[in-house]
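Peer 1: Position chain P relative to chain Z; hints supplied.
Chain order of the listed sequences is Z and P.
According to the numbering used here, the stretch in the first sequence is residues 33 to 311, in order.
According to the numbering used here, the stretch in the second sequence is residues 14 to 264, in order.
Hint data in this document are derived by calculation from the structure and do not stem from the laboratory.
Beta carbons are placed, not taken as given, at the ideal position from N, Cα and C, and that holds for glycine.
Please note: incorrect hints may appear among the correct ones.
Claimed, not checked - Among chain Z residues calculated to face chain P with C-beta under 10 Å, some are: (1) Phe-129; (2) Arg-131; (3) Pro-197; (4) Val-198; (5) Arg-201; (6) Gly-204; (7) Arg-213; (8) Glu-279.
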Amino acid sequence: MRGRSLLVRRLTSLVMLGGAAVCTVISLIPLLSTLKFVMGKGLPALDLEFLTSLPKPVGEPGGGMGNAIVGSLIVVGLACAVGLPVGVGAGIYLAEFGRNRFGGLVRFVADVLTGVPSIVAGVFVYVVVVLAMKGFSALAGGLALAVIMIPVVTRATEEMLLMVPVSLREAGLALGVPYWRVVLDVVLRAARGGIVTGVMLAVARIAGETAPLLFTSFNNRFWHAGLDKPIATLPVQIYTYAISPFEEWHAQAWAGALVLVALVLSLSILARVFAARRR
Amino acid sequence: MAKGMVVEHLNAWFGRHQVLRDVSLRIEPRAVTAIMGPSGCGKSTLIRCLNRLHELVPGARVSGRVLLDGEDIYRRGLDPVLVRRRVGMVFQRPNPFPTMSIFENVAAGLRLNGWDRRLGPQAVERSLRLAALWDEVADRLHRPATELSGGQQQRLCIARALAVEPEVLLMDEPCSALDPASSLKIEELIRQLSRDYTVVIVTHNLQQAARVSDFTAFLLNGELVEYGPTAELFTRPRDRRTEDYLTGRFG
Numbered sequence: 033m034r035g036r037s038l039l040v041r042r043l044t045s046l047v048m049l050g051g052a053a054v055c056t057v058i059s060l061i062p063l064l065s066t067l068k069f070v071m072g073k074g075l076p077a078l079d080l081e082f083l084t085s086l087p088k089p090v091g092e093p094g095g096g097m098g099n100a101i102v103g104s105l106i107v108v109g110l111a112c113a114v115g116l117p118v119g120v121g122a123g124i125y126l127a128e129f130g131r132n133r134f135g136g137l138v139r140f141v142a143d144v145l146t147g148v149p150s151i152v153a154g155v156f157v158y159v160v161v162v163l164a165m166k167g168f169s170a171l172a173g174g175l176a177l178a179v180i181m182i183p184v185v186t187r188a189t190e191e192m193l194l195m196v197p198v199s200l201r202e203a204g205l206a207l208g209v210p211y212w213r214v215v216l217d218v219v220l221r222a223a224r225g226g227i228v229t230g231v232m233l234a235v236a237r238i239a240g241e242t243a244p245l246l247f248t249s250f251n252n253r254f255w256h257a258g259l260d261k262p263i264a265t266l267p268v269q270i271y272t273y274a275i276s277p278f279e280e281w282h283a284q285a286w287a288g289a290l291v292l293v294a295l296v297l298s299l300s301i302l303a304r305v306f307a308a309r310r311r
Numbered sequence: 014m015a016k017g018m019v020v021e022h023l024n025a026w027f028g029r030h031q032v033l034r035d036v037s038l039r040i041e042p043r044a045v046t047a048i049m050g051p052s053g054c055g056k057s058t059l060i061r062c063l064n065r066l067h068e069l070v071p072g073a074r075v076s077g078r079v080l081l082d083g084e085d086i087y088r089r090g091l092d093p094v095l096v097r098r099r100v101g102m103v104f105q106r107p108n109p110f111p112t113m114s115i116f117e118n119v120a121a122g123l124r125l126n127g128w129d130r131r132l133g134p135q136a137v138e139r140s141l142r143l144a145a146l147w148d149e150v151a152d153r154l155h156r157p158a159t160e161l162s163g164g165q166q167q168r169l170c171i172a173r174a175l176a177v178e179p180e181v182l183l184m185d186e187p188c189s190a191l192d193p194a195s196s197l198k199i200e201e202l203i204r205q206l207s208r209d210y211t212v213v214i215v216t217h218n219l220q221q222a223a224r225v226s227d228f229t230a231f232l233l234n235g236e237l238v239e240y241g242p243t244a245e246l247f248t249r250p251r252d253r254r255t256e257d258y259l260t261g262r263f264g
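Okay, chain Z solo, but in the shape it has when bound (with noise of 0.2 Å):
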């Protein structure tokens, strides 16, 4: 009897461990597969002049996108310029102060967000700020990717705070240390590790949006001339060129599509290894 169940949970084990592992590979397909397809179709078309050029018109050879990644580093830095300091503050209002209604529905305002369509804040942005700036420009576009960010840092900024145990706010506040400096001084420290890494996860989703980005900041065949000026960015320049009908165009797209995936990755590592070096 004790024998059988043994051998009956042994096994549910070992299905249960196949499955997991099945899953796994599963997943890993797409990744792998998109990375050798960006690699492959992207690196033959990658020079120096891409990088660092502008677009020629169609039926030149050569020509490149430096304007567009030139274009995205402004757009997210300027999405995260406004998106850090509101996502951040908000998520620690909601994890130390936020145990009440008003709280609460900060929270579910936050979550509902998280899932708005992407291409809704770029037409929200449309409205508040092109129209009345008459044009479409960096900044609106930088806002609009704001938008998408706000509520992916602020919740991951929460939980991670909350993650801290009480003990240690505890520690802070028996020294006499006021409570807003406990949170700056011990709590914000302990979680650094933590908040980094959601903030990285929002910035890679906001640099690679396109749909937000085609109606505020619109797209530029030049380099950058100002923040209230139309500007490239990589996701949009990649749409343009992908869609059009020319065997270059796509070639290009794809090499943008792999400076996209580099800067991302390069990006997260560096902001992992700034902290933990500040450990």
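Peer 2: Using the frame of chain Z, we list chain P on its own:
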């Protein structure tokens, strides 16, 4: 520097559950007062009322008076932060700040309170010496605090609490997470500290209470059953329940 405390008719609740009932006692300056009793009797709550930490738990409530050097720490309009600067605390589990070095941990109270930076190094050395940790860490002050052993971490927490020069030091079962050798070190330290500080220690360890304390309070179900000089309470308990507890009939 060391001040006494007087607890008058103290009641404490978690939500509707009353954990302390009409507790009154006088904590003598420059002495060790032990609070003992079985699990759940309200020992920890009692000392957490002495530095106003209890009220931070959602739903927690306190009534009564606690005098520190004659002044009610629950006085209306008094910032609890000011109380906690005068009444330090060491917790059950060592809780050094994990992101800070040994030095930064000890200096944390000074730095986070925005006090004079230049006093830092001397204050850190003085506190580490007081906590009998200086010789073990002098050559690695800037290593992470998490590298220390459990017993060392607890002494680091004591040093951290002493650095802000409190008038009273509360210790909530400071040895319960430590091995016997480390516990003994902490006990010796408590004896030494009582020359200059008022120490209140919570313990469920009878021998520890007998070894380290000058006065002992016995708490049962949130009520103060008996309070008096340790030698007297242990040899001639006046209350039947104290005697039962001491002889191991419950708890």
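Peer 1: Work down the list of hints and note, for each, if the structure agrees.
Peer 2: Consistency of the hints with the structure:
1. Given the 10 Å rule on beta carbons, the hint for Phe-129 (chain Z) is violated: about 12 Å separates it from the nearest Cβ of chain P.
2. The interface hint given for Arg-131 (chain Z) is met, as the beta carbon of that residue sits about 7 Å from the closest beta carbon of chain P, less than 10 Å.
3. Because the closest C-beta pair between Pro-197 (chain Z) and chain P is about 8 Å apart, less than 10 Å, the hint holds.
4. The criterion of a C-beta within 10 Å of any C-beta in chain P is met by Val-198 (chain Z), whose closest approach is roughly 9 Å, and the hint holds.
5. Checking Arg-201 (chain Z) against chain P: minimum C-beta separation of about 8 Å stays under 10 Å; hint holds.
6. With a cut of 10 Å, the hint placing Gly-204 (chain Z) at the interface with chain P holds, because the nearest CB-to-CB distance is about 7 Å.
7. With 10 Å as the threshold, the beta carbon of Arg-213 (chain Z) comes within range of chain P, its nearest partner Cβ sitting at about 5 Å, so the hint holds.
8. Hint on Glu-279 (chain Z) is violated. Least Cβ distance to chain P is approximately 54 Å, over the 10 Å limit.
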